[in-house]
Structures are given as C-alpha cells and as structure tokens.
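Engineer: These are the residues of each chain, in order.
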Amino acid sequence: MITAFAVAPVVLVTLLIGLRGVAAMRTTSDFLVASRRVSPLLNSAAVSGEYLSAASFLGVAGLVVKDGVGSLWYPVGFTAGYIAMLTLVAAPMRRSGALTVPDFAEARLASPSLRRLAAVVVLVIGALYLVPQFRTAGLVLSVVSGTPYWVGVAISGAAVSATLALGGMRAATYVQAFQFVFKLVLFIIPAIWLLVQAGPGVRDEAVNPVEFTHFGDQTRVEFRVGATLDVPEGAEEITDDGARRPVPSGEWQVPAGTTVEFAEGSRVPELRGEPAPGADGWERPLLDLHDEGHPLLGTWAVLIATMLGTMGLPHVIMRFHTSPDGRAARRTAALTVALLSVFYLFPGIYGVLGRVLVPHLYLSGATDSAVVALPAQVDDGTVGTLFTGLLTAGAFAAFLATSLGLLLVVAGAISHDLVPGGLRQLRVAVVGAAVTVVLLALPAAGFDAGTLVTWGFTVAASTFCPLLVLGIWWRGLTAHGAIAGVAVGLVSTAGAFLLTLSGPPVTGWVALLLVQPAPWSVPLAFATMIVVSLFGRPPPWSTAAMLRLHLDEHRPSPFADRATLARDLGHSSWTARRSSAVRRITRRLVR
Amino acid sequence: MTGRRVAVTSPQTRLAHARRRYRGRWRPTTLDPAEAPRAVALYRVQLRRAIGALALLFTLIFGLPLLLAVWPSLGGLRVFGIPASWLIPVAVPFPAMVALGFWHLRRAERAEEQ
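For the protein sequence lines, the chains are L and R, in the order given. In case it helps, this note's numbering puts the first sequence at residues 1 to 591. In case it helps, this note's numbering puts the second sequence at residues 1 to 114.
Everything labelled a hint here was simulated from the structure, so no lab data went into it. In this text, a Cβ means the ideal position worked out from N, Cα and C, and glycines have one as well. Heads up, a few of these hints could be off.
[To be verified] Listed next, the stretches of chain R that the computed footprint assigns to chain L, with coverage defined by at least 3 CB atoms under 8 Å from CB atoms of chain L:
| hint | segment |
| --- | --- |
| 1 | 37-51 |
| 2 | 56-64 |
| 3 | 97-111 |
[What the hints assert, rightly or not] Covered by chain R, per the in silico footprint, the following chain L stretches (three or more residues, Cβ under 8 Å):
| hint | segment |
| --- | --- |
| 4 | 327-340 |
| 5 | 520-528 |
Could you put together the complete structure from these sequences and hints?
Structural biologist: Structure below.
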C-alpha cells in the first residue's frame with residue numbers, strides 16, 4: 001500500500017517532467033543546441049541527482065549502524081572526487097568532445113582495441129554499481145510493504161526498463177535535476193522530524209553509544225538470507241501461541257526466510273564475524289574494514305578508492321558533456337561539490353539514530369533499510385507512515401536516477417563500443433542489460449550496497465583514473481601503455497575481490513588490502529602505464545592532441561598575428577598548419 | 001516561418017547516429033601553430049595550479065583521519081553533547097572542500113582570461 005503511494009508518484013512525476021522537457025525543447029529550433037546550453041547550476045543539480053544513488057541515500061546510514069561512525073568517511077570521499085574532477089578532468093574532458101571514456105580513449109590515443117577494453121571496464125563498473133541499486137530497491141520494498149525480496153527487484157527492473165522505453169531519459173537533465181531537489185527535501189525534512197520526534201532520551205542514547213546486548217522491546221527479525229548466530233544464555237523468542245521460549249545457546253544456523261520474534265529483555269545473539277552495533281570501536285571515527293586492526297589504513301584505502309573512482313564513473317562523465325564548454329564543465333564540478341556537501345551532512349543523523357532504534361537490522365544483514373525503518377519506530381501512527389512513505393519515495397528516486405543513467409551507459413558500451421549497431425540495438429541492449437542485472441541482483445541480497453558500490457569505485461580508480469589523468473596531462477602516453485595499465489588495474493582489482501569472496505586465510509593489513517585494493521592497485525596501474533609508455537614511442541601528433549585539450553574555447557583570435565607567425569616559420573602560406581610544422585613548434589615549447 | 005522540417009532527436013539518438021557514421025578513418029587532432037604558445041602556457045599554468053589544489057585536498061582528506069588516529073582523546077571532547085570526533089568527519093571536510101573548489105575554480109578561470 002505504502003509502496004503504491006510512494007513509488008508510483010515518483011515514477012509518474014519523473015515521466016511527466018521528462019515529457020514536459022521534451023515539449024519545451026520542441027519550441028526551440030534545435031534540440032541539440034538547447035541541450036548543450038545547460039547552465040552550470042542546472043547541470044550540477046543533474047550530476048548530483050544522478051550521483052546520489054541508493055548507496056548514498058540508504059547505504060551510508062546503514063553502514064554507520066553496522067560498522068560505526070567511521071563510515072562517515074565514505075561521503076567525504078564521494079565529494080572529494082569532484083574536486084579531483086574539477087582540477088584534473090572536467091574542462092579538458094569536455095573539450096575533447098568525448099562522451100564516454102571509451103570515446104576519449106579513441107580520440108586521444110587512436111586505438112580501437114583500447115576502446116573495446118575500456119568498454120569492458122564500463123560493463124564491469126556498471127554491473128558493480130547497478131546490482132546494489134536493484135538489490136537495495138528490492139530490500140526496501142520488502143521491508144516497507146512485506147513483499148518477498150525478488151518481487152521488489154523485479155518491480156524495479158520493470159520500472160527502469162519501462163521508463164527508458166517510454167523515453168523518460170529524453171530530457172535527462174530536467175529529470176535528474178528534479179530528482180536531486182526531490183531527494184534533498186525528502187532526506188532533510190524527515191531527518192529533522194526524526195530528531196525532534198525521537199525525544200531527549202533517544203537523542204541522549206544516540207550520542208552515548210552502548211553495545212546492543214538486550215532487546216528493548218519485543219522485536220521481529222526477518223532473515224532474508226541465512227545467518228550464523230552465536231546465541232548466549234538468556235536469549236528468548238516468542239512462539240506462535242505467544243509464550244516465551246528460551247533459544248538453546250551456542251551456534252544457531254538460521255535458514256533463509258525464517259522470521260524470529262525475540263522477547264522483550266532477551267539477550268541478543270551475536271552475528272558471527274560481525275561485532276554488534278555500539279560495540280567497542282563503533283564510536284571511533286575511523287573505518288576498521290573487516291576489523292583487521294588497521295583503522296587508519298582502512299580509512300585511507302576507502303578515501304583513495306572513492307575519491308579517484310569518482311573521476312572515472314562513466315555515467316557522471318556523460319553528464320559533463322551537456323555543458324556548453326570546458327569552463328562551464330568546470331563550474332559544474334565546483335557547484336556539484338557544494339550541492340553534495342549539503343546532502344551529505346545528514347546521513348550521519350540517520351546512522352546514529354538507527355543504532356539506537358533499529359540495531360536488530362544488523363542480525364539479518366538488512367541495515368541498508370535502517371533509513372526507511374526509522375519513522376515507524378518513532379511514531380506508529382499516520383505521521384510515521386507518511387514519513388516512511390516519503391523516505392521510500394526518496395530512496396526510489398535515488399535508485400531510479402542512478403539506474404537510468406548507468407543502464408544507458410552500459411547499453412551504449414555494449415551496442416556501440418563492443419558490437420557496432422544503431423538505435424534499435426541500443427533499445428535491445430537496454431532491456432538485455434536490465435534483465436541481466438535483475439538476475440545478478442537476485443542472489444545478491446546478502447551484500448551491502450556500500451561494499452559493492454565501493455568495489456565499483458575501486459575498479460574505476462584503478463583503470464579510468466590513470467587513463468584520464470595521464471591522457472590529459474602527459475604527452476608521452478602511448479596506446480600500448482594505456483592498454484597495459486587498464487588491463488593491470490582491472491585484473492588486480494577483480495582478482496582481489498574474487499580472493500576476498502573465497503575467504504583467504506590471511507589477516508591483518510594483507511586482508512585489508514585484499515578487501516580494499518585501491519592503495520596498491522591505483523599506483524600499480526599508473527606505474528604500468530608510465531613504464532610501458534616509456535618503452536614505446538608516442539605518435540608524432542600526441543603533443544598536439546594533449547595541448548588541444550587545454551586550449552579554452554573563447555580565446556582571442558590567433559588570426560591577428562598570423563603575419564608574424566608566417567615570418568617566424570620562414571614560409572608564408574597556410575601550410576604552416578601542417579602537422580610537421582605543429583610538431584616543430586610544440587617541440588620547441590614543451591621541454 | 002518556412003515549412004522546412006527539422007529532425008528533433010535526443011542527445012542519445014544523436015549519439016547513436018553519430019557513432020555509426022563515425023566509423024571512418026581516424027584523423028589526428030590538429031592544433032593551429034598560432035595557438036600553440038597559448039596552449040602550452042595554459043597547460044603549464046593549469047598543471048601548476050591543479051597540483052597546488054590537489055596537494056591541499058590530499059592534506060585535508062588524509063590529514064584528518066591521521067589527526068583522529070593519533071589523537072583519540074578528541075572523543076572525550078563534546079560540542080553540544082556530541083563527541084567532537086564524530087563532528088570532525090562531517091563539519092570540517094565539507095565546508096573546506098566547498099571553499100577549496102571555488103578557490104580553484106577562480107584560479108583556473110583567471111588563467112584563461114589572460
């Protein structure tokens with residue numbers, strides 16, 4: 001019921017604005033020019049709207065509940081990425097005229113094989129980023145309306161495909177800018193309401209964390225995925241006929257799909273390998289990944305991955321292309337930092353309140369749904385239901401905006417970079433990609449949205465970040481160097497993730513660097529690219545190709561002193577534009 | 001108004017069409033020799049300024065966790081009842097990054113105005 005009320009309006013309004021945007025565009029003579037005239041403010045709202053995914057809207061607060069205050073560093077890395085983008089990538093990328101990273105790779109290095117490799121990387125990043133979106137949508141719908149997990153995933157897949165098929169992305173800028181404002185309002189107002197409504201007792205508990213050891217109320221825990229619990233003495237559950245029954249202590253394998261009703265005052269079982277919310281170390285503002293005892297290294301690793309990964313996210317780079325010129329792209333990046341900074345002031349509030357009010361979600365691995373589970377804990381009347389609906393709508397908007405952008409990029413990578421084709425193939429690829437992602441998301445219920453999305457960032461940081469930075473700032477980059485670097489980055493990160501999943505018998509900082517390989521995989525990719533490039537020879541036009549990216553569009557006309565230039569070159573015709581002449585001049589200048 | 005009909009397409013459609021036509025021979029980027037000195041000067045200035053801004057960003061982003069790691073007593077300090085060490089990852093980096101962003105934006109634009 002809530003689902004229908006919350007989700008349907010989001011989809012409807014999105015479609016309406018999309019259609020309205022198209023109608024507004026038709027009155028201008030040229031849709032294209034109009035779409036390139038997107039102002040920095042509107043464009044940065046659209047970038048933020050696309051960027052704030054389910055991982056930001058729900059995932060960060062969930063990670064705070066589960067892992068502690070240190071998870072607040074994730075949003076810092078997400079935002080810092082746009083500063084890196086602003087300083088290194090935004091303007092030159094826009095000037096290159098490339099829409100995607102594969103495009104850029106071909107424009108700068110003239111290598112079709114690099115283009116195909118880059119397309120494969122886009123697919124990997126897209127999958128790592130899309131699966132958690134669908135998974136979280138399924139989880140949220142199942143928490144709010146009690147439907148099975150797969151129903152939510154399937155509904156989400158259908159909604160995204162239908163919106164794309166109906167052309168909701170046509171006026172993408174307006175839709176995404178609207179969704180940013182929508183998400184911002186639907187995140188801030190409930191946060192303030194929760195803080196006020198929770199009362200002084202809960203607020204006090206929130207800032208004085210204690211370990212979650214006893215159930216304060218009778219609590220229902222739904223295990224959507226199986227879990228291994230360590231049950232202490234004194235744990236009690238409520239049976240179907242309402243009587244209290246002690247749970248046998250020791251190990252308890254809870255099968256998937258079980259619902260357990262714990263009694264009031266009962267001891268809390270421990271999830272194997274995962275300390276309870278509020279346990280020792282929870283309040284420390286550093287990220288101790290996997291509890292390996294290296295909080296500072298863990299925090300830095302996550303910051304490197306998120307910050308450098310943002311530069312290479314394919315769906316974000318695409319948005320920068322709608323700026324009229326390089327300067328507007330740069331302004332867009334700076335404004336995006338400001339807009340994201342406003343949004344990211346709030347996930348922490350949900351996180352610390354969630355630790356007090358819904359800590360039991362950690363038992364079933366459903367902390368991602370903490371944000372939408374909170375209002376019902378504070379107010380069980382109509383107002384609480386209303387705010388649950390609002391937050392669900394916001395989460396769905398977050399999921400929709402990101403998935404739409406990513407699915408298009410993935411479909412584009414398949415139907416253009418890998419298999420050449422036209423618009424028809426693009427449509428087919430969209431549906432195909434959506435179905436694949438739904439199928440991948442079905443068994444992924446046990447993964448954190450935050451973990452998977454951070455993996456996506458790690459892959460982007462170890463492949464596209466070196467490619468873009470060196471491609472824009474170093475004339476010596478060769479196609480072979482770029483291919484080797486991207487391949488090494490992709491293989492090393494993917495290898496680390498596979499090793500992590502298989503559960504290797506390592507501990508300490510080695511385990512940490514397997515869970516979060518960015519601190520070594522990014523330098524490795526950079527080094528490979530540089531070393532292999534140094535063994536080869538960059539093509540003669542590479543200096544010109546690099547310098548062209550830094551030339552602003554609205555420069556004073558060079559025709560004024562063409563006579564001087566002709567004299568300087570020793571000949572007087574336009575043959576001065578020949579590439580050999582350019583090479584001679586640039587060689588003299590760049591040393 | 002003339003009766004000329006103009007095809008109205010979305011950027012996605014245009015992208016699809018353009019990509020199909022694009023399959024021709026790749027041509028190297030050209031740079032007008034008259035503009036080369038300006039391009040080189042811009043490249044140098046922007047590189048210097050970008051490195052400066054990035055150095056500040058890295059100091060901020062990696063310095064704050066270091067500060068919290070070597071100085072855990074910050075957790076005992078309270079601002080309006082909230083532990084100071086909880087406020088630091090939220091209240092410090094975001095305003096600082098907004099300021100840094102706009103500062104670099106102005107410097108980068110100024111370099112192009114000359």
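Engineer: Do three or more residues from the segment 97-111 of chain R put their C-beta atoms closer than 8 Å to C-beta atoms of chain L?
Structural biologist: holds (count 9)
Engineer: Mind checking, does the segment 56-64 of chain R have 3 or more residues with a CB under 8 Å from chain L?
Structural biologist: holds (count 3)
Engineer: Residue count check for the segment 37-51 of chain R against chain L: does it reach three with CB-CB under 8 Å?
Structural biologist: holds (count 10)
Engineer: Taking beta carbons only, do three or more residues of the segment 327-340 of chain L come closer than 8 Å to chain R?
Structural biologist: Satisfied; 7 residues make the cut.
Engineer: Count residues of the segment 520-528 of chain L with a Cβ under 8 Å from any Cβ of chain R, then say if the count reaches three.
Structural biologist: It is violated, with 0 qualifying residues against the three required.
Hint violations for this structure: number 5 only, all remaining hints satisfied.
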